[in-house]
Structures are given as structure tokens and as C-alpha cells.
Amino acid sequence: MTSIAQPRKPLHPAEALLSLAHPPTTAASLFKSTVSLKPLPFIPNTQLDPSAARDARDRRRLARERKQEAKLAQRKFRASGKPKPLSAKMKRALGVHKISKEEKRWEIYVPLWAMWADYVRGLLGIDADEEEGKSEDAMEGVEDGEAKQSKKHQFVSVANGGPLLASADFHGAYLEVVQCRCVSRVGLRGIVLKDTKFTYEMITRDNEIKVVPKEFTILRMELPLASNPAINSNGQVEGRTLVFELHGSRLQNRAPDRANKKLKDTFRLED
Numbered sequence: 001m002t003s004i005a006q007p008r009k010p011l012h013p014a015e016a017l018l019s020l021a022h023p024p025t026t027a028a029s030l031f032k033s034t035v036s037l038k039p040l041p042f043i044p045n046t047q048l049d050p051s052a053a054r055d056a057r058d059r060r061r062l063a064r065e066r067k068q069e070a071k072l073a074q075r076k077f078r079a080s081g082k083p084k085p086l087s088a089k090m091k092r093a094l095g096v097h098k099i100s101k102e103e104k105r106w107e108i109y110v111p112l113w114a115m116w117a118d119y120v121r122g123l124l125g126i127d128a129d130e131e132e133g134k135s136e137d138a139m140e141g142v143e144d145g146e147a148k149q150s151k152k153h154q155f156v157s158v159a160n161g162g163p164l165l166a167s168a169d170f171h172g173a174y175l176e177v178v179q180c181r182c183v184s185r186v187g188l189r190g191i192v193l194k195d196t197k198f199t200y201e202m203i204t205r206d207n208e209i210k211v212v213p214k215e216f217t218i219l220r221m222e223l224p225l226a227s228n229p230a231i232n233s234n235g236q237v238e239g240r241t242l243v244f245e246l247h248g249s250r251l252q253n254r255a256p257d258r259a260n261k262k263l264k265d266t267f268r269l270e271d
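Its first residue numbered 1, the sequence shown is counted upward by one per residue in full-length UniProt numbering.
Keep in mind the hints are simulated off the structure, nothing from the lab. Any given hint could turn out to be false.
[As the list claims (entries may be wrong)] Okay, derived cross-link-like pairs now, PhoX-like style, lysine-lysine, Cα gap no bigger than 20 Å in a straight line:
1. 101 to 91
2. 194 to 210
3. 194 to 91
4. 194 to 104
5. 89 to 104
6. 210 to 101
7. 197 to 91
8. 9 to 98
9. 197 to 210
10. 89 to 197
11. 98 to 194
Produce the entire structure from the sequences given, and follow the hints as far as they go.
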């Protein structure tokens, strides 16, 4: 009776490595004590569950979405308190600065000129005359050799009045064009309705809107000293006035920017 050789069971990878460094008996005992009989504890881990991983991702995604929604709500709340300003294109489309035909009347803007005259007198520190024809020297504040105790006018010069006028707002000013490269504008008188960076838009006694360029233009401005000024039919300011000459080339900036602009004490002749 012949015996059939049984196929040898393949060695465990750890036992094969041990047999390379130790004798067969030693390798077998080390494998049995350190590998075969060593307990292998299993710790439950939620990450091994695919559904648990998906739930964690969903929670993080929902947290991000809630955070973004909170930021958007905060931005909308801030924007609701401060409306967005209109752009230049929207202003032109809506006609914000357009003057209608009914509003192109000289009589409407004469009170505006009176308010502007009071504004410039306060800017220069000049008191208005309470009564028309009341004799009082606007430059010296002296009459008949005696100083006026009730009211005095400040001395206005280029040094102290020039920077103040250069930074003033000319909406409502009554101006006359003395010199201009556009000869058709010379002699034009009107009240300023719009003071832009490069032009003045004025309304005349004929209820017409005229555009006067500032560059290479000299304008004459009369500041009335009366508290209730008036303009006669010839376009002259009634009562005593202070006369100023304005060089438009030196005023080529917007009215809001002009108030904060630092002016240099220099003079240059027009070309």
C-alpha cells in the first residue's frame, strides 16, 4: 500500500520572513507566539461606514450654505440702508439735470441770485446794507471821519478774498462775459444754473439757456451790498456793489472738488 504525498501548505508571509533569519524550529515558535496567537482587537470606526461619511459631508455643506446665506442677508441689510447712487448714464436717461420749458423763466431764479449774494457776503465777511442809499464805505467802514460803531465792512483784497471766491459755489451767481474766444458770448449776462467742470450754464432775461466755456474766458461779477438786491431792465445791479473779475481758466473744476482744493498764490496771464 503506497502513501500519497500531501501538498505542503504554503507558508504565511510572516513565517517565510522569519525562516530566512532563523532556523525552522525557531522560526515556527516565533511565528506561533508573536503572530498566530497574538490577539488583534477591532475598534469600531464610523468612517468605515460610507453612509456616515456622506452624512458628514452633507453637514459640512449645509453649514457652508447657511454661512453664505447669512453673509448675503447681511449685505442686503446694509445695502437697504444706503441706496446705490445713480450712474451718469441713468441720470441722462432720467433727465435729472434737464430743465423743463416751464422752468426756463428768469423770474424763478432771481431769488436764487439774492440768496447767492447773501452767501458770498457771508463768505467774505461783509455785512449787507439794511437800507438802500445808506452811505457807508464798503472798504474802510468810515463816514465823515468817524468810524461806524454799529456795523463795519471788512476790507476785501485779492489776498484775502481771492482764495475764498476761487473755492466758492457759483450756482446762482449773476455773471457777465467780458472776454471770450467765442465772440458771440461776449456781453452775455445771466444767472448760473449749472456750474460744471468746464462750462457755466446761464439763463438770460430772454429766458434762454446759454452755455459759456470757462477756458480763455473772463467774467465780471457784481456783488450787491444791499440786503434786497435787484436787477434793472438794462441788466445792471442796482445799488452799491463790489466788482470782481473771474478768470474761468482758474476755475476749471467741479464745485464739490473746488471747496477742498488747495490753491496756489500764483498769477499767470491768459494766453
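Verification of the hints:
Our distance criterion of 20 Å between C-alpha atoms is met by residue 101 and residue 91, whose separation comes to about 19 Å. Annotation: proposed proximity of residue 194 to residue 210 holds, straight-line Cα distance about 10 Å (limit 20 Å). Proximity of residue 194 to residue 91 is assessed by CA-CA distance (about 15 Å); at most 20 Å being required, the pair is judged to hold. Between residue 194 and residue 104 the alpha-carbon distance is near 13 Å, which keeps this suggested pair within the 20 Å criterion.
Restraint check: the Cα-Cα separation between residue 89 and residue 104 comes to about 24 Å, which exceeds 20 Å; the hinted pair is violated. The suggested pairing of residue 210 with residue 101 holds, with an alpha-carbon distance near 14 Å, which does not exceed 20 Å. As the CA atoms of residue 197 and residue 91 are separated by approximately 17 Å, the hinted pair is consistent with the 20 Å bound. The straight-line distance between the Cα atoms of residue 9 and residue 98 is roughly 102 Å, outside the 20 Å bound, and the hint therefore fails.
For the given pair, residue 197 sits about 16 Å from residue 210 by alpha-carbon distance, which is consistent with the 20 Å threshold. Simply put, residue 89 and residue 197 have alpha-carbon atoms about 18 Å apart, close enough for the 20 Å limit, and the pair holds. Distance check on the hinted pair: residue 98 and residue 194 sit about 10 Å apart at the alpha-carbon level, within 20 Å; holds.
The structure fails to meet hints 5, 8 from the earlier list, while all remaining hints are met.
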